[in-house]
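Protein chains: 2
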Amino acid sequence: MRISELGEFGLIDRIARFLPPGSPDVILGIGDDVAVLRTGGHEYLLATCDIQIEGVHFLPEKITPYQLGRKIVAINVSDIAAMGGYPAWALASLALPPSKDVSFVDELYQGMYEQIEAADATIVGGNISKNDYGILVDLFLMGKAEPQCLVYRHGARHGDLILVTGTLGDSRAGFEAIRDPRIKVSEKAQKQAVERHLTPQPRLKEGQLLGRCGKVHAMVDVSDGLLADLEHIGRASAVGAEIWAKDVPVGAACLEVASAAGVEGLDWALSGGEDYELLFTAPPDEAREIGMLLLNETGTSCRIIGRITSAEDDIQVVFPDGSKSSSLVERKGWDHFAQS
Amino acid sequence: MRISELGEFGLIDRIARFLPPGSPDVILGIGDDVAVLRTGGHEYLLATCDIQIEGVHFLPEKITPYQLGRKIVAINVSDIAAMGGYPAWALASLALPPSKDVSFVDELYQGMYEQIEAADATIVGGNISKNDYGILVDLFLMGKAEPQCLVYRHGARHGDLILVTGTLGDSRAGFEAIRDPRIKVSEKAQKQAVERHLTPQPRLKEGQLLGRCGKVHAMVDVSDGLLADLEHIGRASAVGAEIWAKDVPVGAACLEVASAAGVEGLDWALSGGEDYELLFTAPPDEAREIGMLLLNETGTSCRIIGRITSAEDDIQVVFPDGSKSSSLVERKGWDHFAQS
Chain F
40 MRISELGEFG LIDRIARFLP PGSPDVILGI GDDVAVLRTG GHEYLLATCD
90 IQIEGVHFLP EKITPYQLGR KIVAINVSDI AAMGGYPAWA LASLALPPSK
140 DVSFVDELYQ GMYEQIEAAD ATIVGGNISK NDYGILVDLF LMGKAEPQCL
190 VYRHGARHGD LILVTGTLGD SRAGFEAIRD PRIKVSEKAQ KQAVERHLTP
240 QPRLKEGQLL GRCGKVHAMV DVSDGLLADL EHIGRASAVG AEIWAKDVPV
290 GAACLEVASA AGVEGLDWAL SGGEDYELLF TAPPDEAREI GMLLLNETGT
340 SCRIIGRITS AEDDIQVVFP DGSKSSSLVE RKGWDHFAQS
Chain W
40 MRISELGEFG LIDRIARFLP PGSPDVILGI GDDVAVLRTG GHEYLLATCD
90 IQIEGVHFLP EKITPYQLGR KIVAINVSDI AAMGGYPAWA LASLALPPSK
140 DVSFVDELYQ GMYEQIEAAD ATIVGGNISK NDYGILVDLF LMGKAEPQCL
190 VYRHGARHGD LILVTGTLGD SRAGFEAIRD PRIKVSEKAQ KQAVERHLTP
240 QPRLKEGQLL GRCGKVHAMV DVSDGLLADL EHIGRASAVG AEIWAKDVPV
290 GAACLEVASA AGVEGLDWAL SGGEDYELLF TAPPDEAREI GMLLLNETGT
340 SCRIIGRITS AEDDIQVVFP DGSKSSSLVE RKGWDHFAQS
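Those protein sequences? They're chains F and W, same order as listed.
When the letters of the first sequence are read in order and numbered with this note's numbering, they come out as residues 40 to 379.
When the letters of the second sequence are read in order and numbered with this note's numbering, they come out as residues 40 to 379.
Only chain F is shown next, with the shape it has when bound in the complex (with noise of 0.2 Å):
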């Protein structure tokens, strides 16, 4: 059978089966996006990694070294923050072609390095490698959290209210208004979509006071997507989830890029991916209250955009007139094997 086929969920679970029962200094391993490891320290240790590769992951006709730095670093943030944990050291393990300008390694770890310091955590080592067919950057972040403060993809409850922060598909639109220049939109939706696309800002504030509260169930970041993302928690809570359409807070350049592409904004919202918003979920009577604390400390705002339901439900988009559709699920954003 070929990978493709597979697809990578279906394959990490296969990877899953060669990692043996849990060992006593292993809280969690493969099939969060963060491992939770015992130091001895009173804080746990979490281990993350997540990889840029030229032609797979960007063009590097449409980022900036500079950007990819940053975006490398953000997206490693992002997996600490859905913890509820605080970035502490990165290695960075680089490779590209001989023929590169040095300039290049400059402004990537320009990048890295302000996004790395905004995060307060530290570049502490990595590797070097020639590699012909382009650029690859994988960065390997390493965090510190409160045992009490965690918060896992598998603690969500029935009857859960779903909260996500931010607005979501600007980052797909970005992406689309960068890859097609035919779509036309207002100069300030373009800049909007393409630096949610290109330079994604983590939710760490946000994430950390989520685990402080106490009072979250389950967090993840969207990377995936939103519908992709809330599977996972699906999954790991054995729950099923509805999503309230009319609630979903779709972003104003979304919105704009997607009409001039000609297709629902809803969608991108929906599957797009690499929002890198915090998708959560919480008793129903502390929900608003949690929302509240996150505006007032934060700054970001947050929305109720579903609950929590039994398994068997799976998950489903409900729409304004009362229709349901699991079919959205379908194309419920990124699986690098499916898209192939």
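Since the hints were derived computationally from the structure, they do not count as laboratory data.
Among the hints, erroneous ones may be present.
It does not matter which identical chain is meant; a pair holds if it fits inside one copy or across any two.
[To be verified] No farther apart than 16 Å at their CA atoms in a straight line, the calculated lysine to aspartate or glutamate pairs in the EDC-like style are these:
(1) 139 x 44
(2) 183 x 64
(3) 139 x 47
(4) 183 x 171
(5) 230 x 352
(6) 230 x 171
(7) 285 x 140
(8) 363 x 215
(9) 139 x 171
(10) 244 x 64
(11) 244 x 140
(12) 223 x 286
Here the structure is a predicted model, which is why all the values come from computation and not from measurement.
Position chain W relative to chain F; hints supplied.
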């Protein structure tokens, strides 16, 4: 300026400029193969990474997925071993073409799993991505060490003796034997050389013992080549070194393959790289005792191959006739970018 002109180590120095001056929880950042971090427990956290890219580090027709899995773990374990540390947790970042058969992933993970288990460590997560250009596997390995057992690069002192475990040059011989089928040698030498190259065995118990004994001043693993790695000690410790050519333990397979290829086995032992032996320095009155301890406790022999001199001497190879050469040092091993 192109990266090929600056070279790998010039590039590392350049990147180091972007790193801020020490943070209190970073005991050792960029400049060693392993970062040393303070987590709050009584042990320090170690973190390292190393990558294998198709067409750069390996050719898929020359190494099985199982061997590749073992190798990527082994070379990372070797870095932890060279600090006197204990491997604990790994993240594996894998990218490959969607057309690959799933059995490739199974075999790769089987190899990784066996090698990581031999090091008493666990794979706790990672990342999977599409890569149309070929296979790459980047391993991020964390480990632990008691602060007093850690051995750095920077501790070598003028007058120290230089020791190395096992034998050198066999891995390079294996590389050459695989590359050029016209090199005809005995089946035994062929097998031994190719095994050293494809499935190197890190000197983990040896490194841990050398750390624990408290008498080793500086240590690295031989990955770039004996002279290149000795230069890492030399630069970090601000010392020079002389290597006594007659005492360098050239592997039997190396001698045979080199002879068949019409070159000097000693050259491969000095500069071949990927030996994954341990190279370390110790006070002259302790060196023999350390060698005996190592042999008794682990069954691994080591040899005294030179001594640490002052910085202005740089690194010299001394031949039996008394002649000295620093010209060999010019070809001092594996600089990814210089070799392109």
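For each hint, the structure was consulted:
Taking identical chains as interchangeable, the C-alpha atoms of residue 139 and residue 44 lie at most 16 Å apart only when they sit on different chains, with a minimum of 10 Å there against 36 Å within one chain. Within a single copy, residue 183 and residue 64 get their C-alpha atoms as close as 15 Å, and across copies as close as 12 Å, so both meet the 16 Å cut-off. For the identical chains of this complex, residue 139 and residue 47 are inter-copy neighbours only, at 13 Å across copies versus 32 Å inside a copy, given an alpha-carbon limit of 16 Å. Neither within a single protomer nor between protomers do residue 183 and residue 171 lie at most 16 Å apart by alpha-carbon distance, with minima of 36 Å and 35 Å respectively.
Taking identical chains as interchangeable, the C-alpha atoms of residue 230 and residue 352 are never at most 16 Å apart, the minima being 39 Å within one chain and 58 Å between chains. For a Cα distance limit of 16 Å, the shortest separation of residue 230 from residue 171 qualifies neither inside one copy, at 33 Å, nor across copies, at 30 Å. Taking identical chains as interchangeable, the C-alpha atoms of residue 285 and residue 140 are never at most 16 Å apart, the minima being 49 Å within one chain and 42 Å between chains. For the homomeric pair residue 363 and residue 215, neither the shortest alpha-carbon distance inside one copy (27 Å) nor that between copies (63 Å) is at most 16 Å.
With identical chains, the CA atoms of residue 139 and residue 171 are at most 16 Å apart within one copy only, with a shortest distance of 10 Å there and 21 Å across copies. Proximity of residue 244 and residue 64 under a CA criterion of 16 Å is satisfied in neither setting, with 27 Å inside one chain copy and 21 Å between copies. In this assembly of identical chains, residue 244 and residue 140 lie within 16 Å of each other by CA distance neither inside one copy nor across copies; the values are 36 Å within and 42 Å between. Within a single copy, residue 223 and residue 286 get their C-alpha atoms no closer than 27 Å, and across copies no closer than 72 Å, so neither meets the 16 Å cut-off.
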